[in-house]
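S.K.: Since the structure of chain D is provided, determine the placement of chain G with the ligands on it from the hints.
Spelled out, the chains give:
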Amino acid sequence: MNFYAIRAIYKFEMSRTWRTLLQSIASPVLSTSLYFIVFGTAIGSRMQSINGIDYGAFIIPGLVMLTLLTQSLSNASFGIYFPRFSGTIFEVLSAPVSYVEILLGYVGAAASKSVLVGLLILITAQLFVDYEIQHPVWMFAFLVLTAVTFSLFGFIIGIWADSFEKLQLIPMMVITPLAFLGGSFYSIDMLPPVWQTVTLFNPVVYLISGFRWSFFGIADVNVGLSLGMIALFLVLCIIGVAWIFKTGYRLKD
Amino acid sequence: MQPIISIQNLSKTYEGGFQALKNIDLDINKGEIFALLGPNGAGKTTLISIICGIVNLSEGRVIAAGHDIVKDFRAARKTIGLVPQELSTDAFESVWNTVSFSRGLFGKPRDDRHIEKVLKDLSLWDKRNSAIKGLSGGMKRRVLIAKALSHEPEILFLDEPTAGVDVELRRDMWKMVRELRNKGVTIILTTHYIEEAEEMADRIGVISKGKIILVDDKHALMQKLGQKQLTIHLKHELPAIPEDMSQYPLTLSADGLCLIYTFDTQRDESGVADILRKLNEHGIDFKDLHSSQSSLEDIFVSLVHGA
Ligand SMILES: Nc1ncnc2c1ncn2[C@@H]1O[C@H](COP(=O)(O)OP(=O)(O)O)[C@@H](O)[C@H]1O
Ligand SMILES: [Mg+2]
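Sequence order for the protein chains is D and G. Numbered according to my numbering, the first sequence spans residues 3 to 255. Numbered according to my numbering, the second sequence spans residues 433 to 739.
Treat the hints as calculated values from the structure; they're not laboratory data. Ideal Cβ positions, reconstructed from N, Cα and C, are used throughout, including at glycine.
Sample of chain D residues with no beta-carbon within 10 angstroms of chain G, all distances over it, derived:
#1 S29
#2 L229
#3 C239
The calculated DSS-like cross-link candidates involving lysine-lysine, where the alpha carbons are at most 27 angstroms apart (straight line), are:
#4 G:K559 with D:K13
#5 G:K540 with D:K248
#6 D:K254 with G:K641
#7 G:K719 with G:K667
#8 D:K248 with G:K510
#9 G:K552 with D:K13
#10 D:K13 with G:K549
Only chain D is shown next, with the shape it has when bound in the complex:
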């Protein structure tokens, strides 16, 4: 293992985060806080509680998940797309590093950053809404697993994209709608029966449901199933990345 290389990539990526602190951390925390104020405090006070949970508290796990997904995708996709775009990728390709080490550096940094944002949102939420986390260890596990999985997915997008438009395409056209429809703002059994079934094809449902369980002990789908789905998605992303590295797809001529 080339630990120095992993550390160098990780540090380098994180230094981009600190340099652009406002944009990379403050901005997602702030915009998510706006949801708490609007939906949690203003509208939420007029909503019924869901399964005995205040609406303001109910939406917290979903909102954190939403931000976690989009942040992981954009951090990781940008992190690898930019050196490809600027040409500096040559150095990483010519370095004595294996693909695993490249991944640990880039994906590790992207995931750390979104976990950090997620935790900051949770802390900020305390200012507006009263909530408790029943299973903090599981909560953290879901947070990290999701961040890693979607950072890997972002890495794939960053390799596949050959323009800035494509880089934005999947996060905007696929992930954001899925996340909004994945039960961030409602419980699945509030939907008409047909849509309850359709929704089960949305992978984000499992993420949000499992994450919400770690907060309140209630879930739309079985927690084991949620974990299984994240694991499945993680494995799919690892296969995708392994294929990219094996073939040199869009990395090496």
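M.R.: Below, chain G with the ligands alone, put in the same frame as chain D:
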């Protein structure tokens, strides 16, 4: 002695089907400065990129510092530093950070003293905290060199190092290259400027259309292929070349004051002595002799066009 780089039957076909390298065999000796000379599109960058791991090879193999560059890429790449042709640098990072990053990336523990020395040698010390995007093109080139030297490579590739570079940097660079060679670093540079190869290299390989046409010691190369011209400045005007000297490739200048003799340095007998004796016999006095050797440029042009 075992070569530090051994390229064996290397071919590269790009995805579109274009064959950029054709069965290249080439050995680079430890500690030499080797110039890869060839016109644009000859395959110089492709060859370097394969050795450094940026481009996949299609056929053949390469051994660098005793390690196969594919099977044992980690050990091979540790020994190699690359200064690429394109000025691809980070934008917002500081010079210090980007150079330190390179050292870590190549698996070396932090060593601020070494980085400091590299930056000072390249006159980058004053700029160490500046963001790279604010630097001039020449300064960016220096940053790329610093990055390549940050991990103390045994082998250094310089891909068209002086393209678009000012005189000062060119001079600094050659000084640095010689110092590195003195420390035992092997240097491979590509260029399409012949003067550069002529000035710097110990050995020269000529590449054209993906093939190595010729590899030789610089002096041997010039000797082998060079033509020499001997110009004899006469004391008095000569109306015509004497008849019994007509077997020599001699030309008389229009004013009749210069005799020009062209000969191949490859031949053992240059014939110069004969000519001078004959001139003496004819009572033709001369005041000066002047000989010039064809430059690599001439050699190169004749090779590439002959190939
Ligand atoms: N990625 C690529 N895909 C297809 N052809 C390429 C690629 N890179 C280079 N070539 C072609 O390979 C040939 C050699 O290019 P290169 O190695 O850059 O030459 P040089 O460095 O000697 O100027 C050129 O004809 C170039 O067009
Ligand atoms: Mg080139």
